Structures are given as structure tokens and as C-alpha cells.
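The task is simple: from the sequences and hints, build the whole structure.
There are 2 protein chains.
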Amino acid sequence: MEAGWIKYLRSLPNTELLGDDAAVIGSSLITVDMLTEGVDFILAETSPLLIGRKALAVNLSDIAAMGGIPRWIFTAVALPAGSLVLPQDMITPDTFAPDILAKAIFAGMQPLIDKYGLILAGGDTNTWDGGLVISVTVIGEVSPFGIFRRSGCQPRDKIIVTGQLGGSILGHQFLFEPRISEALYLNRHSAVHAAMDISDGLTLDLSRMLTESGRLGATLYETQIPVSSDAVKLSLQTGRSPLEHSLSDGEDFELLLSVEPNEAVRLLTQQPLMPQYGVRLYEIGEITAESGMRLRRADASLQSIEPKGFEH
Amino acid sequence: MEAGWIKYLRSLPNTELLGDDAAVIGSSLITVDMLTEGVDFILAETSPLLIGRKALAVNLSDIAAMGGIPRWIFTAVALPAGSLVLPQDMITPDTFAPDILAKAIFAGMQPLIDKYGLILAGGDTNTWDGGLVISVTVIGEVSPFGIFRRSGCQPRDKIIVTGQLGGSILGHQFLFEPRISEALYLNRHSAVHAAMDISDGLTLDLSRMLTESGRLGATLYETQIPVSSDAVKLSLQTGRSPLEHSLSDGEDFELLLSVEPNEAVRLLTQQPLMPQYGVRLYEIGEITAESGMRLRRADASLQSIEPKGFEH
Numbered sequence: 001m002e003a004g005w006i007k008y009l010r011s012l013p014n015t016e017l018l019g020d021d022a023a024v025i026g027s028s029l030i031t032v033d034m035l036t037e038g039v040d041f042i043l044a045e046t047s048p049l050l051i052g053r054k055a056l057a058v059n060l061s062d063i064a065a066m067g068g069i070p071r072w073i074f075t076a077v078a079l080p081a082g083s084l085v086l087p088q089d090m091i092t093p094d095t096f097a098p099d100i101l102a103k104a105i106f107a108g109m110q111p112l113i114d115k116y117g118l119i120l121a122g123g124d125t126n127t128w129d130g131g132l133v134i135s136v137t138v139i140g141e142v143s144p145f146g147i148f149r150r151s152g153c154q155p156r157d158k159i160i161v162t163g164q165l166g167g168s169i170l171g172h173q174f175l176f177e178p179r180i181s182e183a184l185y186l187n188r189h190s191a192v193h194a195a196m197d198i199s200d201g202l203t204l205d206l207s208r209m210l211t212e213s214g215r216l217g218a219t220l221y222e223t224q225i226p227v228s229s230d231a232v233k234l235s236l237q238t239g240r241s242p243l244e245h246s247l248s249d250g251e252d253f254e255l256l257l258s259v260e261p262n263e264a265v266r267l268l269t270q271q272p273l274m275p276q277y278g279v280r281l282y283e284i285g286e287i288t289a290e291s292g293m294r295l296r297r298a299d300a301s302l303q304s305i306e307p308k309g310f311e312h
Numbered sequence: 001m002e003a004g005w006i007k008y009l010r011s012l013p014n015t016e017l018l019g020d021d022a023a024v025i026g027s028s029l030i031t032v033d034m035l036t037e038g039v040d041f042i043l044a045e046t047s048p049l050l051i052g053r054k055a056l057a058v059n060l061s062d063i064a065a066m067g068g069i070p071r072w073i074f075t076a077v078a079l080p081a082g083s084l085v086l087p088q089d090m091i092t093p094d095t096f097a098p099d100i101l102a103k104a105i106f107a108g109m110q111p112l113i114d115k116y117g118l119i120l121a122g123g124d125t126n127t128w129d130g131g132l133v134i135s136v137t138v139i140g141e142v143s144p145f146g147i148f149r150r151s152g153c154q155p156r157d158k159i160i161v162t163g164q165l166g167g168s169i170l171g172h173q174f175l176f177e178p179r180i181s182e183a184l185y186l187n188r189h190s191a192v193h194a195a196m197d198i199s200d201g202l203t204l205d206l207s208r209m210l211t212e213s214g215r216l217g218a219t220l221y222e223t224q225i226p227v228s229s230d231a232v233k234l235s236l237q238t239g240r241s242p243l244e245h246s247l248s249d250g251e252d253f254e255l256l257l258s259v260e261p262n263e264a265v266r267l268l269t270q271q272p273l274m275p276q277y278g279v280r281l282y283e284i285g286e287i288t289a290e291s292g293m294r295l296r297r298a299d300a301s302l303q304s305i306e307p308k309g310f311e312h
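First to last, the sequence lines map onto chains A and B.
When the count follows the working numbering, it moves up by one through the first sequence with no breaks and lands on 312 for the last residue.
When the count follows the working numbering, it moves up by one through the second sequence with no breaks and lands on 312 for the last residue.
By construction, these hints were calculated from the structure, which means they are not laboratory data.
There may be inaccurate statements among the hints.
With a straight-line Cα cutoff of 25 Å, these simulated DSS-like cross-link-like pairs (lysine-lysine) come out [claimed, not checked]:
1) A:K7 <-> B:K115
2) B:K233 <-> B:K7
3) B:K233 <-> B:K308
4) B:K233 <-> A:K103
5) B:K7 <-> A:K115
6) A:K7 <-> A:K308
7) B:K103 <-> A:K7
8) A:K233 <-> A:K308
9) A:K103 <-> A:K115
10) B:K103 <-> B:K115
A few chain B residues that don't get close to chain A, going by computed Cβ distances all over 12 Å [stated by the list, open to error]:
11) T75
12) S135
13) R188
14) L220
15) G239
16) L243
17) P261
18) N262
19) R266
20) L268
21) M274
22) R294
23) D299
24) E311
Keep in mind it's a predicted model, so treat the numbers as computed, not measured.
By construction, the Cβ of each residue, glycine as well, lies at the ideal position given by its N, Cα and C atoms.
Here it is in C-alpha cells:
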């Protein structure tokens, strides 16, 4: 949920919105994310398998951001009744289009359900005269090793991410692997001060983590941002620099971690996620007591940067 | 979720769909319901306060159907960005229409949030180029006195409902009171064998309860169906009989209870929900070992009836 809405909803009585990626109720983690046609996917251009996968994966990424274990899923789907455009090979004359679509959406979730041993425990399937909307609720368990929160950043912490950034619109947005196992490993074996997933863009999400941690700031190292090859590809189309894409593109769904400096050195040297998960940790900057965000250029000069990313 | 989908989803691996109104995970109850524009409400004709209220109330009714205690709510909303038709007095030049709409939706939920001491703990608010969609997740607690399920009907049980039925489209669909307190009272003080809420129509929902209870049947007493005044009013417009409306109209959101016969006599005589809640219990029929549903006419003749109601 975006900052403005969180602020508004927090102003209402009877709310408990801590600004983390999932709510904590007792030993349960709960997250709800909704995908809408035209914003999160283009139905005519995207396999419904990938749409279903993404609808679940974005929620799993929220559980990963809390260092937790996903367990149960609930789906609410609004299926378009009319004027449905599906890939040609999915259409047969004796089937009802919304049914094919819904089955493909569930089939797209299945590999992640299997991989993490999830249980589909309920939901609501509707047909209406509108576009495709999928809302998924995931219920997880708090890890016995604790909860990752956004609010724990401390000055001099190193900022670490779990993968390359930018250009996810070229495909990564549908194919990303939620960092469940990686987060559980770090939760068990390391001292992470704060975490979230990068869903709306590195600088925008980092600014949210800094706000939750009490007006801290950050310096990002320009030469150490892991610019993805998709960010480079996309920059050829947009005319913006690959770095800009890495700093502000949404839907990377990598973990953004704030780690105690000595522990960070150990993690970055040992790269403990490589052997089992093939995931490399990248140091991209540090937390500062001074508020605001800065980019440290190759020549060591500092340039002030504003949060940029996808606002809902 | 409708029967066909439950059957399909049950056929997938890793599902636990028990066919009740809410899922049971440990001592938690979880329910997810989605409302879509044009199906569950007409945005141009309905105050968004009432739409918000309904989106929450239908979920609370599911918790009531399980005899449980609602605690936390999560909302996922897709707000129409363009061509929004709102009542004239809600539009001011300096406000952004989706924001007004969203605030009104939350304001509509507030009285129920206050009444039941709920906590808004998270959600997802989106703007898109489509109609209004609201998905609400409610998490509740299992009552220490147990769980109402659909599967407990026994032959000779009396079938009892908590209010008059039919014609809810004339207004009750937005104004109904979820039977939370009544269900908790019955759960604590009475022996209810099975329960659900009437969301899709009496005979359709009853047939589902009978199926979950293992192919039992039911006889409904024509002269004892509590026909609402709205069912009578609606029949003047539709040409269908008031009884037909009571038997098949959706969205009554009354409890449908299967109660041990002696206990049923006690409840119907003592009417324990009247003093505190103003709610009268109506005996409308009985469970039979013979499958199928029958209507017992005034002259004691039996007429076979088919499940009728709203299929999603």
C-alpha cells in the first residue's frame, strides 16, 4: 500500500498498520496483494499461467520480506465474462472462456504451491463485466528466529540486495523467484537489522524503510548498484540510463536488507546464499544518521537523490 | 465459492477446502469475499458508504456462520480511475475521485469495525482503468465453544433461520446485520448441529449444507417460511410469488441452522435471541434421511423442489 494511504488509514481509529510487508498477528504473518489488468499485466499479451504465478509470487515475496514461512493461500478472482482475449491455443468451442482463464491462473500458481508446500484453503471466484482482478491472501508463520521489519535500520548498517535490479518489465516481473528460502537462511544464520522487498523501486522502497526506521538517511554507491542486463536493454528503448532504471524500476522483488557492518562484511565475503540458491549478495550502500538519500559517484562526490518508483 | 469451483479446486493437489463459510487454521477462522461492480452493487445508484459496509458485512456473516469471533480485517480495493459516477454531493473540484471513493468505502466499514472491535491490519489499494472491486479478508477466532460447520446435519433435526427471507435486493442486501452476536450466543448456549449463512438463496444454500452432511434431504414447511415484506413488494414487480422469492433470493445473510429436535423446541419456545438482539428464530422445516428437498404444502401434500438461487 502506498505511503499516502497508509498515513490516512493510520489516522482512522482501530487500525494497526506497521508499514511492514505483512501484518503480524500472534505467530502468523498475513499479506494481501491485488493485481489488476492493465496495471500489473496486459491480459492479451501475457499467459494467464504467468499472471497466476505473479499474483501468488508477489505475496510470497512479502512473507520473505518478513523472514517468515508461507503456509496457506486464499484467492479472490474477478473474471471477465465478455470480450475475453486469450492466446488462440487456449480456446476450444466447448469451453467457457472465464473457466479456462481461471484454471490457467490456478495452474500458474501450482509450481510455487508445490515448491513451498502451500495449502490452498479458500477463496471467492466471480464473473463480471469487467477486467481480470486477482487478490491473493497468504498466511504464513513467523520464523522461530524472529521477524524482519522495516523499522530496524541503524546508522552505519550496510545496505545489501539479493540480486540485480531494473528492467523487470521485460520479463522478470513474471518470472522472479520470491526470496523465501534466502530470507529464512539469513534469518537463521545472520543478524539482519531491517528488511523489505523491492516492489516499487529501489530508492522509493529504501526511502520507506528509512522513514520507518525514524528519519535515517542512506548513501548509495553508484558503482556498486547491480545493474541488470534488462535495465541496460530497457535503457536503449527509453533513453534513460541503465542506472536510473536500477534505482527506480518496480517489481525487482529482491530483498533490501540493512545489516550490521561487520556481519555485512562476512556475508559479502562468504556469499552463503551462492552454493544452495545461486543468489549473490550485493552491497549497494550504507545507512546514515543524516536523513535524505545521496548517491556517491565514482569520483567520491555526493549527489542528493529523490525517491523514485511506482506509486499505486 | 460456487459448487463447481469448489469441486475443481478440491481436485487439485495441496487444497483443503472443507466447503464451510470460512477456513479453519488452528484456532483462526479465515474468510475472503470479493464484491464486483455491476454484480454486487451498481456504483452509480449506491452510496459508497453502503458498498464499503457490505464488503465487510458479507465476510462477518461468514464468521458468524462458523460461530466465531471476528478480529482483524484486510482490504484489497481496485478503484476506477476514470469516468467515475459518484453522487453529486460527494464531488468537489479539488479532490481526486478515487480518493473520495476509497475514503467513503472505509467510512462505510467503520460502524461495523467499531461495533465488533475489529482491527484494520493491512491491505492493498490500487487505481486502475476498470470498475470498482473490493476484496475483504477477515481473520477471526474459533469460539471456545466450538465451530459451526455445514457438515453436521442429522435426520430429524429442525431447520431454523434467524430472520425473514427474500427481496433483499430492495435494500436488505446493504443494510443487513451480520449475525455475529446471535451465532456466538447460540454457540455458547445451545446445541447446533450445523450452520451456514444464507448468501445465495435458501434452497441453494440448504442443498449445499445437505451435500456437505452426506446426501441428506430436507422438508420445508410452506406455511412456515418467514416471507419478508420485501419479498412481497418484489413479487409485485416480478410476477413471481413472494414464497418463490423467499426460497431463492440471495443475500438474506440470515443464519441457516440444523438443530437437534428437542433443543429446537426449546429455542423456538423461549426465543432467547429476542430480548437482547430483537432476533426471532423461525422453524422452517426438518432434515430427512431421504435425499432431495421437498415442500410440505398447507394440505400436507409434498412437492419436490430444486435448489434455486444465485450462482456466481
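To see whether the hints hold, each was checked on the structure:
no.	hint	in the structure
1	A:K7 <-> B:K115	holds (23 Å)
2	B:K233 <-> B:K7	violated (37 Å)
3	B:K233 <-> B:K308	holds (20 Å)
4	B:K233 <-> A:K103	violated (41 Å)
5	B:K7 <-> A:K115	holds (23 Å)
6	A:K7 <-> A:K308	holds (19 Å)
7	B:K103 <-> A:K7	holds (12 Å)
8	A:K233 <-> A:K308	holds (20 Å)
9	A:K103 <-> A:K115	holds (19 Å)
10	B:K103 <-> B:K115	holds (19 Å)
11	T75	violated (8 Å)
12	S135	violated (4 Å)
13	R188	holds (23 Å)
14	L220	holds (28 Å)
15	G239	holds (26 Å)
16	L243	holds (29 Å)
17	P261	holds (32 Å)
18	N262	holds (34 Å)
19	R266	holds (34 Å)
20	L268	holds (33 Å)
21	M274	holds (30 Å)
22	R294	holds (31 Å)
23	D299	holds (41 Å)
24	E311	violated (10 Å)
In this structure, the earlier hints numbered 2, 4, 11, 12, 24 are contradicted, and the remaining ones agree with it.
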